[in-house]
Amino acid sequence: MSKPDLSVKFGKLKFKNPVILASGTAGYGYELENYIDLNELGGFITKGIYFNPRSGNPSPRIYETPCGMLNAIGLQGIGVKRFKSEILPFWKKYKTILGVNVAGEDEDEYKRVVEYLKDEKRIDFFEINLSCPNVHAGGKSPSWEPETTYKIIKSIKNISDKPIIAKLSPSVTYIEEIGESAEKGGADGISLVNTFVGMAIDIKSRKARISNVLGGVSGPAIKPMALALVYKLHKTVKIPIMGLGGINSAEDVLEFIIAGASVVQIGTASIIDPAASIKIIKSVEKEMVELNYKKIEKLIGKMEK
Amino acid sequence: MRKYRKLKITDKKRWGNNYLSLFFEDKEITDKVFPGNFFMIKVGNFYKNILPRPFSIARVFPEKSVFEIFFQVVGDGTKILSEYNEGDEVEILGPVGNRFPVNNDKKNILVAGGRGISPFLYLSKILKSENIDFTLFYGGKSEKDLMFKDYLSEFDTIFITETGDFGQKGLITEYLPEGDFNIMTCGPDIMMKKVYEFYENSDSSVFVSLEERMGCGTGICYGCAKKIITPEGVKMVRICQEGPVFDGGKVVWDE
Ligand SMILES: Cc1cc2nc3c(=O)[nH]c(=O)nc-3n(C[C@H](O)[C@H](O)[C@H](O)COP(=O)(O)OP(=O)(O)OC[C@H]3O[C@@H](n4cnc5c(N)ncnc54)[C@H](O)[C@@H]3O)c2cc1C
Ligand SMILES: Cc1cc2nc3c(=O)[nH]c(=O)nc-3n(C[C@H](O)[C@H](O)[C@H](O)COP(=O)(O)O)c2cc1C
Ligand code: FES
Chain Y
4 MSKPDLSVKF GKLKFKNPVI LASGTAGYGY ELENYIDLNE LGGFITKGIY FNPRSGNPSP
64 RIYETPCGML NAIGLQGIGV KRFKSEILPF WKKYKTILGV NVAGEDEDEY KRVVEYLKDE
124 KRIDFFEINL SCPNVHAGGK SPSWEPETTY KIIKSIKNIS DKPIIAKLSP SVTYIEEIGE
184 SAEKGGADGI SLVNTFVGMA IDIKSRKARI SNVLGGVSGP AIKPMALALV YKLHKTVKIP
244 IMGLGGINSA EDVLEFIIAG ASVVQIGTAS IIDPAASIKI IKSVEKEMVE LNYKKIEKLI
304 GKMEK
Chain L
113 MRKYRKLKIT DKKRWGNNYL SLFFEDKEIT DKVFPGNFFM IKVGNFYKNI LPRPFSIARV
173 FPEKSVFEIF FQVVGDGTKI LSEYNEGDEV EILGPVGNRF PVNNDKKNIL VAGGRGISPF
233 LYLSKILKSE NIDFTLFYGG KSEKDLMFKD YLSEFDTIFI TETGDFGQKG LITEYLPEGD
293 FNIMTCGPDI MMKKVYEFYE NSDSSVFVSL EERMGCGTGI CYGCAKKIIT PEGVKMVRIC
353 QEGPVFDGGK VVWDE
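Those protein sequences? They're chains Y and L, same order as listed. Counting with my numbering, you get residues 4 to 308 for the letters of the first sequence. Counting with my numbering, you get residues 113 to 367 for the letters of the second sequence.
Just chain Y, with the same shape it has in the complex:
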């Protein structure tokens, strides 16, 4: 029995398997070194970074919700300078495809981050976080508006030769419209979904359960919605999609791929168990053998009526 082929071409990028660790749920990478062999991953996306270091939101930052969790970390991060001097050297000993999740408080900041990092050879692509619901007042994010999405992607596209992936918020009315504007702006791919805006209240104190009041919902609770959004987007745009939202099993991975994702990302599952991604890769391989699927690339968007 020959092994199924898990490799996937994603524009210029060639992933050896379709499982990527998502941004913000796997740290910068070094934290996981004692838990998994980072070389076994299809790819890795670092925690979102702004130009300057940020302290993030006060505590409490997370809360468990039915079948998921709510978070408002507030993109605590070390800033681009330390990222370059401390994190990138760490990654030199690994071959895993590395994406950097880029955050910004305004359009200019996204540009400044990419500008600063554009010549770093160890970085394989930039994932532009147009969707973090935590930072701006009221949880507003750039990818709620087609024009802002277009403008930001367009302004970054010219700076760097590396692939630009637009990471979008699912908390919108027409994902198709936002996806199209990212594509028009020059995005090489789209990551969908980031967390859904959500909240929880302590009925005794009548206070929000997390300090930021609004947060992002992730985990299995959002999987059916995330899958539907990936499906809809795949029918609209030509650029490839990184699908995510509540993935924790081989079945979840294959569902996203059949719905139209080329590769997938693992978020919350890796918070719950640092080895989740590796277990998932192994079980995808097993599941493919059982279902007699030979090449995962052939399944992308191959839904039957």
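Everything labelled a hint here was simulated from the structure, so no lab data went into it. Where a beta carbon is used, it is the ideal one built from N, C-alpha and C, also for glycine. Heads up, a few of these hints could be off.
What the hints assert, rightly or not - Derived Cβ-Cβ restraints for the label pairs, each shown as a range:
| # | chain 1 | residue 1 | chain 2 | residue 2 | range |
| --- | --- | --- | --- | --- | --- |
| 1 | Y | Lys17 | L | Arg126 | 55 to 63 Å |
| 2 | L | Tyr263 | Y | Ser58 | 38 to 46 Å |
| 3 | Y | Ser286 | L | Asp315 | 56 to 64 Å |
Take the given structure of chain Y and dock chain L with the ligands to it, following the hints.
Same frame as chain Y, now just chain L with the ligands:
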């Protein structure tokens, strides 16, 4: 590689008042665990009570490779954990986190409030076996909030209850000695803050074990961060990585 491992519950004890202990046998853990360290335990699964919960190391019996988790039922997760029985398996990660710093030159004072007794159970045993001078102050609301009385009778322990139905009557801070000590404390924030303030203007150092809601316990989610004074100013520092034990002077207490 470190990972979640399925460990069998070898014994279970109910203390009353919603306190329980679970016992496990694992030499790898008992060989390296030290008071201050904690474990992440999967109480539910990915679809229900998704987040693993943190629990400190309680007693350790190295000769039998047995360790104990001591906890209070306060919500869903601890309720589920309380329903496991001898022979059941739970998934455990750890030990993780840092250690309480023992001082060989000063007298060590351990201050525990309620379920904050956990780390000092094994610490007392270690200090005694190494002939290091220490006193344990252990306070609770009333007698039924104080556990491990037999075990602790081997050590220099001062019991304090608010009702006075066991040991001394009043609050722990009314009984603390003045002087130059190495203080280690674990319990409700308000108690640890008072202990810190009691020694703030003395030569004593005070180390506190902080709690915060946790996601991963592995340092990747930044969910557990709290305000800590660092050389670069006040920062949000991860309790699970840089802690849970911190110098009380570095804690921003009004959080
Ligand atoms: C490093 C560390 C070590 C700990 N050691 C022990 C121990 O040895 N024994 C023990 O009984 N408890 C310990 N705790 C607290 C324990 O983790 C919580 O009581 C438990 O997670 C609550 O889970 P639950 O689902 O039952 O409660 P939930 O329904 O999640 O919450 C019930 C109540 O507990 C509070 N709570 C929830 N999570 C935490 C948390 N991580 N820290 C503090 N409060 C929390 C909530 O705010 C709420 O008021 C420790 C916490 C930390 C951070
Ligand atoms: C604690 C936490 C931190 C996150 N940080 C980021 C981030 O920095 N940048 C980003 O684009 N997405 C971030 N996300 C979103 C995840 O990458 C992912 O899109 C989302 O959680 C949905 O996937 P999941 O259900 O598999 O977790 C974060 C999510 C969580 C739970
Ligand atoms: S619990 Fe995730 S970083 Fe501490």
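Status of the hints after comparison with the structure:
1. A beta carbon spacing of about 57 Å between Y/Lys17 and L/Arg126 agrees with the range 55 to 63 Å that was offered as a hint.
2. Look at L/Tyr263 against Y/Ser58: about 42 Å separates their beta carbons, and that is inside 38 to 46 Å.
3. Under the hint 56 to 64 Å, the C-beta atoms of Y/Ser286 and L/Asp315, about 58 Å apart, fit the expected range.
Taken one by one, the earlier hints all hold for this structure without exception.
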